[in-house]
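Since chain G is already given, all that's left is putting chain S on it; use the hints.
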Amino acid sequence: MNRSRVYGVFLRYFFVAKKGLHQLSDIFYWPFVDILLWGLTSLWIRSQSDIQNLPLVLMTGLIFWQIVWRGSVDISVNLLQEFWQRNLVNLFSTPLKFREWIAGMLLLSISKLCITITFGTLVVYLLYALNVFTVGWAFLPFAASLIIFGWTISFLASSLIIYFGHKIEMIAWMIGFLFAPFSAVFYPVDVLPEWARAIAWCLPTTYIFQGMRCILLGGSCPVSYFWISLSLNIIYLIAAIFIFRWSFEKSRHKGLARLE
Amino acid sequence: MISPTLSVRNLRKIYGKKNPFTAVDGVSFDLKEGEVLGLLGPNGSGKTTTIQMLLGTLGVTSGQIHYFGKDFFKHRSEIMEKVSFASTYTSLPYVLTIAENLRCFGQFYGIRDIEAKTNPLLDRFGILDKKDKPVSSLSAGQITRLMLVKAFFTDPKVVLLDEPTASLDPDVSLDVCKFLLEQREKTGLSILFTSHKMEEVAELCDRTIFLKNGVIIADDLPENLAKSVSSYQLRLTIVDGMKRTIAFAEKKQIPYTLEHRVIQFSLDETEIPPFLNSLMQAGVSYASIQIKEPSLEAYFLKIAEKSQ
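As given, the protein sequences belong to chains G and S, one line each in that order.
The opening position of the first sequence corresponds to residue 0 in numbering that gives the first Met the number 0, with each subsequent residue numbered one higher.
The opening position of the second sequence corresponds to residue 0 in numbering that gives the first Met the number 0, with each subsequent residue numbered one higher.
The shape of chain G in the complex, shown without the other chains (with noise of 0.2 Å):
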């Protein structure tokens, strides 16, 4: 692994980030809106039920969940990038290789997430007087554990993306919002009907969504949760980068100059 090349892509994306809109209200613009929406929403129920915390699990649900779309967009997005500013082949007619290609995407996507998680946790502190780090030192592990999530779903879009080209480049900002309903970001598990909460136990956000609530409701959070999602974490994030590694392959195999 190069270093420079590695800065080399940071830099690349990071240009591309700090010029454009769409990029920027990423950041800001779409967090600030969900906050406000959700914060709003939340105290209104908040009015009308006995549950005293629930604006703060809802809260602490929406920058958690926040983790993980931004997680799920930013490889896909930059690949889609590379697509319409015609830089792909010139990409990899240079001495980059794949995994530096990746670790300087992963590199630009922490950056990213650390502001959007600094802002929200900011504007909620300042519209509502909520600290949504009640949930103590687990948020570093939980964060850590969701925004790995969130490059699970962006590297399998980005494998749809790359293989299939534009026609299907939608799926990037789609696919994150597919795992919202089964991870229950704001309810709890028992709550989906029984197929549906087969599949939430699969998925390693449901065990830290859970875990948030038991903690903010009172509770602890059964240090198993953690593992598991992070064991599921790891199979998951090395299964979906075999599977973009593959998908790329094939892409280069039809030509990359085709994506363009």
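Don't take each hint at face value.
As the list claims (entries may be wrong) - Each computed DSSO-like pair below joins lysine-lysine, with the alpha-carbon atoms no more than 27 Å apart:
#1 S:K17 <-> G:K249
#2 S:K16 <-> G:K166
#3 G:K96 <-> S:K81
Because the hints were derived from the structure by calculation, they are not lab data.
Quick caveat: nothing in here was measured; it's all calculated off a predicted structure.
This is chain S only, laid out in the frame that chain G set:
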């Protein structure tokens, strides 16, 4: 024995499985150090496909590629540190400025002082003042020149150029050709070059490979290829002795065309002096004489015509 800078053996690309289409079929050639090699052929002959395979952005069906004696498929990244590419058909991220784009590419090649490398080239191509402008604000010709800067600022040993002058005005094209020859002279780099501008190829290339339907049909000096399909054209404006001239040409079975007082003959280079001598002895006088060399364009047109 010194191995060639680039060695290609039996390169083949077949697309599809149900209805396979062979785009490149058993192409073999060498590119020597300091050589400028033209890769020519009509549209769809396999030029770009070959270049894409040589870059690794298109998988090969079979065959071997060696750069600097090393297997390209095993040492791609290491090899690409010394190989660069420019094409009219690709672009650079248009929201990024020229400087930002070159900075990213410089990182890929581990270049530390990127400005020291890029500024002289940007200046050479007349786009230094646009360094901080986004690529989207550049004209097609300026983007093409930027692609050349990108290809050359990394000090490559081999440059693959896919129609690098296609979108350029004639004067800028000429300047680019001059630049390529300068670079070759200065650094001894090897260039593989595709173009549809035959005059440019004849001027620039040491050797020319002609592809047709994915197969090499000729590999020779540009002038030899030109001579293989067309003769020298000798054009005379006759003042006195037109009938004698025609009679002489018919007797010697020399093909000619006639337009008013201008007669044009197709001859081999060596036949011209004795032919003119014979006309002089026959008392023919002419007001003007023009000799047109066989052109690579004639060769190209003949190949293209055959493939239609």
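The hints, checked one at a time:
1. At most 27 Å may separate the alpha-carbon atoms for a hinted pair to count; S:K17 and G:K249 meet this at roughly 17 Å.
2. In summary, the hint linking S:K16 to G:K166 is supported, as the alpha carbons are separated by about 22 Å, within the 27 Å threshold.
3. With a C-alpha separation of about 15 Å, the suggested pairing of G:K96 with S:K81 holds against the 27 Å cut-off.
In the structure shown, no violation is registered for any of the earlier numbered hints.
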